[in-house]
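Taken in sequence, the protein lines are chains G and E.
Quick note on numbering: the numbering used here labels position 313 of the first sequence as 313, and the sequence is numbered without any gaps.
All you need for the numbering used here is the position in the second sequence, starting with 1, plus 1000.
Worth flagging that the hints you see were computed from the coordinates, not collected in a lab.
Be a bit skeptical, because a hint or two may be false.
[Claimed, not checked] One side only, chain G facing chain E, incomplete, derived with CB under 7 Å:
1. Ala302
2. Arg303
3. Phe482
4. Lys527
5. Gln530
6. His532
7. Gly548
8. Ser549
9. Pro550
[What the hints assert, rightly or not] Derived lysine-lysine pairs resembling DSS-like cross-links, with alpha carbons at most 27 Å apart:
10. G/Lys566 to E/Lys1044
11. G/Lys531 to E/Lys1136
12. E/Lys1044 to G/Lys531
Every residue, glycine too, gets a C-beta built ideally from N, C-alpha and C.
Listed here are the chains, written in short residue letters.
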Amino acid sequence: MGPLGSTTPKRMDEFLNEAAALVGQWDAVCCALEAGREPRSALQDVSTTILALKRSNRAIECELFSKTLSVLGEYLRLVLKLDPLPIADALPTLMTSQSIFFRWLMGLRMGSPPDEDLAALRETIASHNDAMYQVLEEQKLRESTLATPIDRTSAVEKPKPVEADKTTSRLEISQEWSVPTSLEMASSIEADQEADVTPEAPNESLTDKDQFRSKQPDVIAEKTNIVSDEIYELVAQIFMQQGYLEHLIQKDDHPKRDLLRMIARHSRMISSMVGKIVSLQLVKTETFFDQLSYFLQESARARGVLVSCECDVEGLELEAETLEALWEPMSQILCKIIEVTSERTQERDSSVRLRIRGRSEGASVRFSITCPFPDPTVFKSVLDRVPVAETALSLSKMAGGTLHLSLEAEQVCQLNFVVPLSKRFPEIVFLSSGGELFAVHRHVMRDVIEREAFNSYAFQGDQRVIEVGGGIFPFTSFSDLFDMGAPLSINSPVDVHCGQAILVQFGNDTIALGVDEISTPARMIVKPLQKHLERVPGLCGTVVAGDGSPVPVIDVVGLVGIHLAKRRMKVAA
Amino acid sequence: MMVARHQTHFEEKNAFLLYHDGGHLFGTPLSQVKEVIPFRQPRKLPNTPDGYLGVMSLRGEVIGVVALSYWFPSLKAEQQSVLMQSMIIAHGISGETLAVVVDTIDGVALAESNEVVPPVSISPALAHGAGHGAAKFAQGVATLIDLRQLCASMDASLQSKSALAG
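Construct all of the structure, not just a fragment, from the sequences and the given hints.
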């Protein structure tokens, strides 16, 4: 441990506990400053904390720690001299410094303090101090020149370079210290990747799907490293703040307000951490569609078809797993379009124009692929060749999404893929039906209707329909969609015994499902099913309810598809 | 010294967990048993066959819960109070964990290899490699079943598919 080698473990522990409490105080002041506390007194408090840290350093006599604190103390003294206080510059500097001190102390506790970070911090602060000295000199000069009325015009012009210096100084701070977000990093990785993808010839040995798969892990692995560093930093801060909280509680003379503020900051940090964990598996959809477009163009070239893709996906990010699930049905249908186009058109220079649009709709993302056909029969041929129902089900099972294929205005094929924004933390709604509790994805419910808002009617014997808002929809109880072992008691075919109804869409069909009760939506972690349950129809995963019991997440769209098919067969019979 | 000899026996494959279900005595190699816990009410799952009782959360892991009648339909007749029942948490070959509900746990007993006789054909499942055979213990003659094999060959969708088709 170098200069710390002579420190006894007991002294080290005392130092670490004291320093943790002081750095925690520093953070609390920064929070208060962010919340709008009077800046001068707040900066003075930080200054006092730095002095206290220097005092506590006597226990271990670490030169680097002491020198860095001295430079920071000097920085604060200079900042306090400036008028007006450059709080917009000082706050990020103080917060970043505090974060580096946190990490250094954490490292010290583990036995390997990141000295290089502390040294870099000292140098950066020292350079800012130099810049600040210059600013102060210029300020003094300006004040003296402003005192003489003859030089007023020149004095007004003179500060310009000083202002420019100040701006440079602020930019330097933000550029050197701001940690790039995962999104920024992902976009830069993806930009590099794009540069790699476009000029290269396609890899003949790989299958179509593998071409996409082979790209994915690199993006995720690099992103994982960056984001895990950010998470590590947040965990370190939470850990340190916990120490400070304990210290506050033990002292018992701190106002509740401070404690609440600290807890609020904790919650923000945890929330930020959850966001970062979710972002670990996210991939930009632009990358996905670029690769899809590249793949389609390569496939079409062999058939003499020209493919043009116009993509507008608004910088959306989706989980890699969801995009992988999308790849197969999407590429399959688009390849069929190319295939049919090449067969139908006599000229070999035929072309396919694809317009891809992606928009987020609450908790889901809707991708619309529009493809105009000069010949309407092309669409019918595509429809004949693509097993839409199966594809829709597989997509729903894998990605928790839906697929709609429809013909619009006779000559335009519209493909609609709806997938949840995040499969890992989707919005889940608990609903009870037939005495059992179920969970469903929020995005599959088109609407929720109260019992008073609809009328029910008997239809073709034992079937039921409801009328709501001028529309008539087939109705069934939610629990009737599947086999729960025991038959449900229905008093009369016309009576509808339910508290509410939910409208669920499957292709062009909409069905109303009666449920007893619905909870408000909440973002939850969906646990995957065990292997032996993967093939059970109607199951997507499980979530753990508030009482700790698992609740099955129902693949409503898939079950509605099966139910509607059975219903049609019954009517036909 | 006696303890050491006893432990050596347990490390070999001859230690069996004995349990009763539906009036029958069963035994399972101890190496396949992760733990034994009191019965907990599982959450029922739709579209699953009879005998598949649902899922439960065990220390954060959501695991399937099955009754032995899932594999041995003849055991259905006798039902024990749930208060008396236990769950054997067994390891599957693929690393999955499964809870098997049984009526009572009878303890652990040792059986030498030469004491195990070929499987008694009480179910077709035993004929598919899931049966170790039968052995005589102080509690009676036990059917020795390979829970790991049974868990691995499990597919909860098989029976439900036919139910849906009907």
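- Message: Next item in the hint list is G/Phe482. Is there a CB on chain E closer than 7 Å to its CB?
- Response: G/Phe482 check passes; min Cβ-Cβ to chain E is 4 Å, inside 7 Å.
- Classify the hint on G/Gly548 as holds or violated, based on whether any CB of chain E lies nearer than 7 Å to its CB. holds (6 Å)
- Query: Per the CB criterion, is G/Lys527 less than 7 Å away from chain E?
  - Reply: Check passed: Cβ of G/Lys527 comes within 5 Å of chain E, closer than 7 Å.
- Would you mind confirming whether the straight-line C-alpha gap from G/Lys531 to E/Lys1136 stays at or under 27 Å? violated (35 Å)
- Query: Do the alpha carbons of E/Lys1044 and G/Lys531 lie within 27 Å of each other, as the hint requires?
  - Reply: Measuring from Cα to Cα gives roughly 17 Å; hence the hint holds.
- Message: Given a cut of 7 Å on the nearest C-beta pair, is the interface hint for G/Arg303 held or broken against chain E?
- Response: violated (39 Å)
- Does the nearest C-beta of chain E fall within a distance shorter than 7 Å of the C-beta of G/Gln530? Holds, because the Cβ-Cβ distance from G/Gln530 to chain E comes to roughly 5 Å (cut-off 7 Å).
- Query: Going by Cβ atoms only, is G/His532 closer than 7 Å to chain E?
  - Reply: holds (4 Å)
- Query: Holds or violated: are the alpha carbons of G/Lys566 and E/Lys1044 at most 27 Å from each other?
  - Reply: Roughly 24 Å between the alpha carbons, so the hint for G/Lys566 and E/Lys1044 holds.
- Task: Under 7 Å, Cβ to Cβ, is where G/Ala302 needs to be relative to chain E, so tell me if that hint holds or is violated.
- Result: violated (39 Å)
- Task: Against chain E, run the beta carbon of G/Pro550 and see if the smallest gap drops under 7 Å.
- Result: The hint holds - G/Pro550 has a Cβ within 7 Å of chain E, the shortest such distance being about 5 Å.
- Message: Would the hint on G/Ser549 be counted as holding, given a Cβ-Cβ threshold of 7 Å to chain E?
- Response: holds (6 Å)
Hint check: violations occur at hints 1, 2, 11; the rest are consistent with the structure.
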